[in-house]
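Turn these sequences into a full structure, and let the hints steer you where they fit.
Per the working numbering, the sequence shown starts with residue 1, numbered consecutively.
Zero decoy hints are in this set.
Derived lysine to any residue pairs resembling SDA-like cross-links, with alpha carbons at most 20 Å apart:
1. Lys31 to Ala21
2. Lys31 to Ala9
3. Lys31 to Glu6
4. Lys31 to Arg10
5. Lys31 to Val8
6. Lys31 to Asp7
So the derived label-pair ranges between C-beta atoms look like this:
7. Asp35 to Asp15: 13 to 23 Å
8. His57 to Asp7: 17 to 27 Å
9. His57 to Gly30: 30 to 40 Å
Source of the hints: derived by calculation from the structure; they are not laboratory data. Just so you know, even glycine gets a beta-carbon here, dropped at the ideal spot from N, CA and C.
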Amino acid sequence: MSHSPEDVARYVCNDCQLIHAGTPRRTATGKRSFDPPEDCGGCGSDDLIAIQNWVHHQSGD
Numbered sequence: 001m002s003h004s005p006e007d008v009a010r011y012v013c014n015d016c017q018l019i020h021a022g023t024p025r026r027t028a029t030g031k032r033s034f035d036p037p038e039d040c041g042g043c044g045s046d047d048l049i050a051i052q053n054w055v056h057h058q059s060g061d
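The following block contains the structure:
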């Protein structure tokens, strides 16, 4: 059986559209989960949207 890499959660900054990888953590059941970063490394915004929701997301503009 071959190993397939995990798909890392990605988040898009709503202000500058920079993409960030989620921070990995283990759940109580031992599975891996990914949390969004606290803020954007490019502009400092804390408005990060999961990439799968990005095309459906509308900003307040």
